[in-house]
Amino acid sequence: DIQMTQSPSTLSASVGNRVTITCRASQSVSNWLAWYQQKPGKAPKLLIYKASSLESGVPSRFSGSGSGTEFTLTISSLQPDDFATYYCQHYNSYPYTFGQGTKLEIK
Amino acid sequence: QLQLQESGPGLVKPSETLSLTCTVSGGSVSSSSYYWGWIRQPPGKGLEWIGHIYYTGSSYYNPSLKSRVTVSVDTSKNQFSLKLSSVTAADTAVYYCARRPTYSGFDFWGQGALVTVSP
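Chains A and B, in that order, are what the protein sequence lines are. The opening position of the first sequence corresponds to residue 1 in my numbering, with each subsequent residue numbered one higher. The opening position of the second sequence corresponds to residue 108 in my numbering, with each subsequent residue numbered one higher.
Derived by calculation from the structure, the hints in this document are not laboratory data. Hints are supplied without guarantee of correctness; some may be wrong.
[Unchecked claim] Simulated restraints, written as ranges between beta carbons of each label pair:
id	chain 1	residue 1	chain 2	residue 2	range
1	B	124	A	14	44 to 50 angstroms
2	B	151	A	92	25 to 31 angstroms
3	B	179	A	54	29 to 35 angstroms
4	B	197	A	58	29 to 35 angstroms
[To be verified] Simulated crosslink set (DSS-like; lysine-lysine; CA at most 30 angstroms straight-line):
id	chain 1	residue 1	chain 2	residue 2
5	A	42	B	152
6	B	173	A	42
7	A	39	B	190
[Claimed, not checked] Residues from chain A that keep clear of chain B, each with C-beta distances beyond 12 angstroms, as calculated:
id	residue
8	6
9	14
10	27
11	46
Glycine residues also receive a C-beta, built at the ideal position from the N, C-alpha and C atoms.
Excised from the complex, chain A in its bound form (with noise of 0.2 angstroms):
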């Protein structure tokens, strides 16, 4: 199974901060890396796919980097409906696998 690592786990930060939350996997997974946010009792939404690519109607403050083993996602200026938990999914190969999450925190 190709394992994904994110970090950190838990980032604390401010309204209007510039955040970066960082993603690993234990082999090459190409571009098929996705993003999810999820907030307390609801279902992840996804906001990246393809490693880079938008979701339709999520916010452009939101974009993702990376290919091969070396992910991030980046929240330009966060917003007070950003604080939740952020995983990374590859999509890769079978099994999927999500990394552990980074929950953001307001600070």
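We have chain A already, so just place chain B on it with the hints.
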């Protein structure tokens, strides 16, 4: 607008079989553009992909669960289903059904169904 809704028992006894159904509205499970899958999340923990199915009936499972999992599709009812046998307390989780376009991650999710395994 596409909607997915999980249904099934919220309580299952150890060693029995967990069964959930996902009803799809506003779209078709017969589309060649999508996979239909199941993902679970134990309370307070991360996400685990269980498996998914294509409209042709071809299915793919997580090897960690493969011997216990079956995902099936009923195109006449526009539903797909999950069966997980020989459950233990470790299978207690919120189970989500979701759609995955062939080029993307899971873009539409159900609200989730909490299934507790307990005597």
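Evaluated hints:
1. B:124 with A:14: 44 to 50 angstroms: 49 angstroms, holds
2. B:151 with A:92: 25 to 31 angstroms: 28 angstroms, holds
3. B:179 with A:54: 29 to 35 angstroms: 34 angstroms, holds
4. B:197 with A:58: 29 to 35 angstroms: 34 angstroms, holds
5. A:42 with B:152: 13 angstroms, holds
6. B:173 with A:42: 27 angstroms, holds
7. A:39 with B:190: Distance of about 27 angstroms is within 30 angstroms: holds.
8. 6: 10 angstroms, violated
9. 14: The assertion about residue 14 of chain A holds, with a minimum of 26 angstroms to chain B.
10. 27: Per Cβ check, residue 27 of chain A is outside 12 angstroms of chain B; nearest 16 angstroms; holds.
11. 46: 5 angstroms, violated
Of the numbered hints listed earlier, those contradicted by the structure are 8 and 11.
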